[in-house]
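A.B. asks: The task is simple: from the sequences and hints, build the whole structure.
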Amino acid sequence: MKLDQRKRQVLYAIVHNYIQTAEPVGSRTISRRYDLGVSPATIRNEMADLEEMGLLEQPHTSAGRIPSDRGYRFYVDSLLRIPALTKQEITLMKRILSSRMRSAEEIVQQLAKLLSALTNYTAIVLGPRETQVKLRQVQLIPLNDYQLYLVGVTDGGLLLNRMIDIPSGVDAETLESLQRWLNERLAGRPLDQIQTNDLHALKYEMQVSIDLIESVMDELLGSVNQHEVGKVYLGGTTNILNQPEFHDLQKVRAILELLEEDVLVWEAVSQASGDGITVSIGSENPEGVMQECSLVTAEYRLGDGLRGHFGLLGPTRMDYDRVLALVQGVCTTLQQLFNM
Numbered sequence: 000m001k002l003d004q005r006k007r008q009v010l011y012a013i014v015h016n017y018i019q020t021a022e023p024v025g026s027r028t029i030s031r032r033y034d035l036g037v038s039p040a041t042i043r044n045e046m047a048d049l050e051e052m053g054l055l056e057q058p059h060t061s062a063g064r065i066p067s068d069r070g071y072r073f074y075v076d077s078l079l080r081i082p083a084l085t086k087q088e089i090t091l092m093k094r095i096l097s098s099r100m101r102s103a104e105e106i107v108q109q110l111a112k113l114l115s116a117l118t119n120y121t122a123i124v125l126g127p128r129e130t131q132v133k134l135r136q137v138q139l140i141p142l143n144d145y146q147l148y149l150v151g152v153t154d155g156g157l158l159l160n161r162m163i164d165i166p167s168g169v170d171a172e173t174l175e176s177l178q179r180w181l182n183e184r185l186a187g188r189p190l191d192q193i194q195t196n197d198l199h200a201l202k203y204e205m206q207v208s209i210d211l212i213e214s215v216m217d218e219l220l221g222s223v224n225q226h227e228v229g230k231v232y233l234g235g236t237t238n239i240l241n242q243p244e245f246h247d248l249q250k251v252r253a254i255l256e257l258l259e260e261d262v263l264v265w266e267a268v269s270q271a272s273g274d275g276i277t278v279s280i281g282s283e284n285p286e287g288v289m290q291e292c293s294l295v296t297a298e299y300r301l302g303d304g305l306r307g308h309f310g311l312l313g314p315t316r317m318d319y320d321r322v323l324a325l326v327q328g329v330c331t332t333l334q335q336l337f338n339m
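By numbering that gives the first Met the number 0, the letter at position 240 of the sequence shown is numbered 239, and the numbering carries on one by one without gaps.
Be aware that a few hints might be false.
As the list claims (entries may be wrong) - List time: in silico DSSO-like cross-link candidates among lysine-lysine, alpha-carbon distance up to 27 Å:
1) Lys1 with Lys112
2) Lys112 with Lys230
3) Lys250 with Lys230
4) Lys112 with Lys93
5) Lys230 with Lys93
6) Lys230 with Lys133
7) Lys133 with Lys93
In short, the hints are calculated from the structure, not lab data. Nothing here was measured: the structure is a model prediction, and the numbers come from that model.
C.D. replies: Have a look at this one:
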């Protein structure tokens with residue numbers, strides 16, 4: 000979408016003012032606070048055009064306008080004016096995120112606290128994962144004629160321990176053959192490379208009960224997916240209460256309930272994350288309460304193959320300029336601290 004210079008100026012002024020005040024913005028406010036060199040009447044006409052284009056909305060109770068999700072998207076993509084961080088902010092980041100005498104877990108905990116304190120939004124940090132965790136061994140341990148334990152071990156420790164029913168006609172020799180196949184084909188493989196293709200190969204190559212094969216591989220593949228959901232660290236969970244958009248108790252309850260579900264939070268941040276810094280605005284997020292919010296995410300790296308994602312969750316009326324400056328500052332600081 001292309002906008003002429005005046006429409007860009009008016010849209011910038013409305014988004015900027017609304018972020019600061021949380022109040023619908025009228026033409027007189029723009030004329031008084033922003034030196035656009037045109038009359039309030041001209042600004043009103045531009046606002047009407049921007050509303051027609053879907054970039055502004057008019058609340059029923061006000062003559063002013065507020066940005067739509069599309070308006071925020073245009074602002075983020077084309078109108079941002081990211082400020083430089085102050086020396087004090089940079090020094091604070093380096094001091095808090097310094098790796099000296101700290102574990103990876105302590106660093107990400109501090110990262111969550113730092114981001115929430117600097118922005119007054121809710122910080123979400125996904126715990127670091129080794130990108131090349133490998134399956135070391137699979138064991139099939141018969142308990143009796145009807146049940147066995149499936150044990151999977153990674154190079155970092157236990158992955159799963161599941162009880163599986165043994166179909167009739169499967170003897171100990173068959174179980175040994177299946178265990179041998181699993182270890183020959185899967186041991187030493189990164190977890191994220193174990194796929195349903197392995198299930199198809201196993202069915203083709205092994206003359207073993209299909210039910211048993213599917214049970215073993217379903218548990219194994221399921222455990223890989225669960226392994227991908229690690230620990231979630233939150234900072235400033237109740238900061239959302241400071242935002243006027245979330246004074247409605249039902250909205251607050253929905254947000255807080257979401258933040259209590261590690262799997263949902265992990266999925267939301269992981270799915271929103273891409274290369275570099277990613278901004279997901281309102282309706283761009285998954286259905287539900289997330290569509291009332293914006294989520295800014297980025298990847299962090301701590302060296303030694305450890306990496307994860309972090310994000311800031313706030314209203315769509317988020318101070319994008321400052322948030323993106325801080326997120327970029329955190330990424331740069333971590334790169335410097337870990338010499339990457």
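A.B. asks: Next, verify each hint and record whether it holds.
C.D. replies: Evaluated hints:
1. Between Lys1 and Lys112, the direct Cα distance comes to roughly 39 Å. Violation of the 27 Å bound is thereby established for this hinted pair.
2. Proposed proximity of Lys112 and Lys230 is supported: the alpha carbons are some 16 Å apart, at most 27 Å.
3. For the given pair, Lys250 sits about 25 Å from Lys230 by alpha-carbon distance, which is consistent with the 27 Å threshold.
4. This hinted pair checks out: Lys112 and Lys93 have alpha carbons roughly 14 Å apart, not beyond 27 Å.
5. Taken as a hint, the Lys230 and Lys93 pair is honoured in the structure, with Cα atoms around 24 Å apart against an allowance of 27 Å.
6. Using a Cα cut-off of 27 Å, the hinted pair Lys230 and Lys133 holds, with the two alpha carbons roughly 19 Å apart.
7. For the suggested pair Lys133 and Lys93, the alpha carbons sit about 33 Å apart, so the restraint of at most 27 Å is broken.
Going down the numbered hints, you'll see the structure goes against 1 and 7, while the others check out.
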